[in-house]
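Protein chains in written order, with our numbering: chain X, 1 to 404; chain F, 405 to 720.
These are computed hints drawn from the structure, not numbers from a lab. For glycine and all other residues, C-beta sits at the position ideal for the given N, C-alpha and C.
Calculated from the model, a selection of chain X residues having no Cβ within reach of chain F, i.e. all distances over 12 Å:
| # | residue |
| --- | --- |
| 1 | 47 |
| 2 | 75 |
| 3 | 147 |
| 4 | 148 |
| 5 | 149 |
| 6 | 220 |
| 7 | 232 |
| 8 | 236 |
| 9 | 322 |
Now the stretches of chain F that chain X is said to cover, found in silico as 3 or more residues with beta-carbon under 8 Å:
| # | region |
| --- | --- |
| 10 | 481-493 |
| 11 | 600-607 |
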Amino acid sequence: MTTDAAALQRWTWGLRLSVLLPVLLLLGAAALVSSTNGSLTSLVGANPPPADELEIRRATFHANEISVLVRNPQRDAITIASVTVDDAIVPFTVDGPKRLGRLRSATINIPFTWVEDDPYSIGVTSSSGIQSTIEVPAAFEAPAPSRATFTGYALIGFLVGIVPVVLGMMWLPALRRADPRWLAAFMALTAGLLTFLAIDAFAEALELQASLPSALGGPGLIVLGVAVSYLGLSWTAHRLTKGTPTGDGVAPLAGVGLATMIAVGVGLHNLGEGLAIGSSFALGEVALGSVLVTGFMVHNVSEGLGIVAPVAEGKRRVSSLRLAALALVAGGPVILGAWIGGFITNEILGVFFFAIAVGAALEVVVEVGRYIARRAAGGLTSGAVVGGFLAGLAIMYTTSLLVG
Amino acid sequence: MAASLPVAGLAQAADDPGNGDGPEASAAADHQQGAHVGPDVVAPGERGELDALLIPPPALTAEPGRVRHYEIVAMDRDIEVAKGVFFPAWTYNGTVPGPVMRATEGDILEVEFSNAGSHPHTIHFHGIHPANMDGVFEIVEPGESFTYRFPARPYGMQLYHCHAPPLKKHIHKGLYGAFIIDPPTPRPPAKELVMVMNGFDTDGDGENNFYAVNGKAFYYAKFPIRVRRSELVRIYLANLTEFDLINSFHLHGDFFRYYRTGSTDQFEYTDTIMQCQGERGIIEIDFANTGLFMFHAHQSEFAELGWMGFFDVVDE
Numbered sequence: 001m002t003t004d005a006a007a008l009q010r011w012t013w014g015l016r017l018s019v020l021l022p023v024l025l026l027l028g029a030a031a032l033v034s035s036t037n038g039s040l041t042s043l044v045g046a047n048p049p050p051a052d053e054l055e056i057r058r059a060t061f062h063a064n065e066i067s068v069l070v071r072n073p074q075r076d077a078i079t080i081a082s083v084t085v086d087d088a089i090v091p092f093t094v095d096g097p098k099r100l101g102r103l104r105s106a107t108i109n110i111p112f113t114w115v116e117d118d119p120y121s122i123g124v125t126s127s128s129g130i131q132s133t134i135e136v137p138a139a140f141e142a143p144a145p146s147r148a149t150f151t152g153y154a155l156i157g158f159l160v161g162i163v164p165v166v167l168g169m170m171w172l173p174a175l176r177r178a179d180p181r182w183l184a185a186f187m188a189l190t191a192g193l194l195t196f197l198a199i200d201a202f203a204e205a206l207e208l209q210a211s212l213p214s215a216l217g218g219p220g221l222i223v224l225g226v227a228v229s230y231l232g233l234s235w236t237a238h239r240l241t242k243g244t245p246t247g248d249g250v251a252p253l254a255g256v257g258l259a260t261m262i263a264v265g266v267g268l269h270n271l272g273e274g275l276a277i278g279s280s281f282a283l284g285e286v287a288l289g290s291v292l293v294t295g296f297m298v299h300n301v302s303e304g305l306g307i308v309a310p311v312a313e314g315k316r317r318v319s320s321l322r323l324a325a326l327a328l329v330a331g332g333p334v335i336l337g338a339w340i341g342g343f344i345t346n347e348i349l350g351v352f353f354f355a356i357a358v359g360a361a362l363e364v365v366v367e368v369g370r371y372i373a374r375r376a377a378g379g380l381t382s383g384a385v386v387g388g389f390l391a392g393l394a395i396m397y398t399t400s401l402l403v404g
Numbered sequence: 405m406a407a408s409l410p411v412a413g414l415a416q417a418a419d420d421p422g423n424g425d426g427p428e429a430s431a432a433a434d435h436q437q438g439a440h441v442g443p444d445v446v447a448p449g450e451r452g453e454l455d456a457l458l459i460p461p462p463a464l465t466a467e468p469g470r471v472r473h474y475e476i477v478a479m480d481r482d483i484e485v486a487k488g489v490f491f492p493a494w495t496y497n498g499t500v501p502g503p504v505m506r507a508t509e510g511d512i513l514e515v516e517f518s519n520a521g522s523h524p525h526t527i528h529f530h531g532i533h534p535a536n537m538d539g540v541f542e543i544v545e546p547g548e549s550f551t552y553r554f555p556a557r558p559y560g561m562q563l564y565h566c567h568a569p570p571l572k573k574h575i576h577k578g579l580y581g582a583f584i585i586d587p588p589t590p591r592p593p594a595k596e597l598v599m600v601m602n603g604f605d606t607d608g609d610g611e612n613n614f615y616a617v618n619g620k621a622f623y624y625a626k627f628p629i630r631v632r633r634s635e636l637v638r639i640y641l642a643n644l645t646e647f648d649l650i651n652s653f654h655l656h657g658d659f660f661r662y663y664r665t666g667s668t669d670q671f672e673y674t675d676t677i678m679q680c681q682g683e684r685g686i687i688e689i690d691f692a693n694t695g696l697f698m699f700h701a702h703q704s705e706f707a708e709l710g711w712m713g714f715f716d717v718v719d720e
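Take these sequences, add in the hints, and give me the full structure.
Here it is as structure tokens:
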């Protein structure tokens with residue numbers, strides 16, 4: 001204690017200043033470098049001229065109007081100078097200044113009597129004459145945000161998210177009577193399907209970040225999202241098990257606690273799933289027919305089974321209210337995701353959501369793994385566990401073909 | 405007597421309400437696709453800015469052996485080819501096309517050419533002249549100069565352009581212009597105009613992004629060319645468009661006499677002509693009506709990318 005106090009006393013002003021000194025010197029050095037105005041870098045060569053090419057993110061068609069969302073992907077500012085539709089110069093307005101700074105976006109509105117189902121080529125030319133073009137294979141009226149589409153997305157989210165999870169949970173009474181080996185197999189199946197979901201979300205995150213300008217740091221965003229959700233859930237799991245008295249360190253999460261963690265992991269993945277459904281529908285990339293909705297329903301039923309598997313082992317009864325809450329946590333985010341994806345275009349948000357889903361799913365796989373290792377007979381290498389895990393992967397893969 | 409034309413798949417149409425293209429209709433069209441003509445047209449430049457390229461110096465009466473002296477400087481310059489779009493051009497005297505040169509048949513043309521640009525250039529004239537005045541062999545390096553001197557012949561609408569390799573680059577960058585040689589017997593008096601059809605590939609993909617006459621997209625739609633109905637209108641027209649095989653000129657609401665190259669008195673009576681690159685001719689219009697008459701390339705794409713203008717025909 002005395003040494004600690006002495007150490008604290010030694011935090012004199014001089015010492016505090018010495019902590020700040022490197023920061024101050026760094027600021028000074030940075031200011032010096034930027035004040036040379038590029039003459040330092042010119043020692044090793046000249047910067048190539050900027051591409052001056054705007055990135056066209058999407059074109060949407062409304063009554064007598066075409067809207068084009070553009071972004072400046074480069075460091076230097078770009079000025080929107082001219083807009084063409086099918087190689088004809090057209091008048092346009094911009095919702096803000098025509099000069100776009102680094103990574104700034106703008107919407108270009110073009111009054112135009114377009115033809116339903118016709119292909120269109122829309123070009124945006126910068127003041128230095130560089131033209132970017134977006135090819136629209138078939139023009140169609142973009143769904144405008146309305147009460148009907150709002151309800152529609154909610155309904156689709158309910159069918160795809162909550163209904164299958166609830167259906168899967170209805171296996172709980174049967175699971176309660178199942179042999180312990182079968183229970184272990186079902187827990188392993190849960191781990192298998194969560195592993196599949198993690199890989200799936202990771203692939204989505206990678207694909208989406210590839211469409212971002214490199215300056216937005218997509219890979220870093222994924223690392224950040226995965227770390228935040230993985231470590232955040234680890235921390236939460238640790239807090240949830242703190243009350244459990246055990247002889248050796250931290251006990252594995254079990255029962256309702258583990259079920260909650262699985263529901264959270266599944267829910268975060270489903271947020272991304274909803275986001276994908278909403279934005280695909282808004283962009284007209286997916287004909288969201290009844291086949292697709294059915295496919296997602298079949299795909300998600302096993303998620304409900306996974307959530308109730310750890311509850312089945314416990315002796316205590318779980319109230320149906322608590323089960324309903326778990327279903328909402330796991331399935332509800334599809335609705336939220338569909339709203340976000342349907343009405344807001346933000347790839348950065350999309351990448352981050354998918355990355356969060358990856359971390360969450362992985363963390364829950366680890367929790368489930370620890371649970372199986374401690375509780376299941378034969379541990380992680382028993383036939384039931386290995387078979388269950390592979391079955392989980394196989395079920396997810398097979399049902400994913402329905403929505404591919 | 406009203407003729408009834410067949411309409412496939414439709415019963416007899418209801419009574420035609422009359423002229424569909426009344427002022428209301430055109431106002432609606434403006435709302436949809438922007439203004440066609442007048443100050444609201446999106447085009448670069450100020451009123452009168454292109455007069456030096458549009459209106460040639462006056463023709464002089466024949467005086468064989470007289471020297472016509474011109475000074476031409478090649479210089480790099482960013483020019484505004486469409487509203488807000490700048491093109492890093494190579495120019496003669498700072499404009500694309502370059503200045504209009506004019507001589508009467510039998511004059512000695514003397515062109516003092518200096519190169520203030522960053523690349524080697526020449527001036528190659530169309531017409532009859534010695535091989536050492538052809539602008540092919542005497543490449544003028546940056547900072548150097550050369551004087552072209554030869555008798556101007558034959559009369560007609562000629563042109564000039566850079567012939568330094570690579571030719572395609574030196575032409576599409578903007579090194580070209582009109583060269584008029586007047587006949588010994590003067591042409592009838594007229595309101596004389598020069599139009600050089602050109603295009604600009606601003607993003608370097610080998611296709612033109614903008615088209616124009618005299619270098620500025622839609623300029624003559626924003627500032628229509630005012631002419632008098634009583635006066636003969638004579639247009640010296642040349643095509644210096646790179647990349648596209650042909651360009652064309654179409655006049656609305658009237659016909660004209662077209663003298664191909666303008667070196668003979670043979671003409672064609674039409675409202676649409678086409679020219680390949682380097683081809684040129686003389687158009688003579690006697691306007692029958694007053695009002696706004698459009699002229700443009702009859703390649704719709706060129707017209708909608710800037711090669712479109714108007715005559716404003718008035719009675720005094």
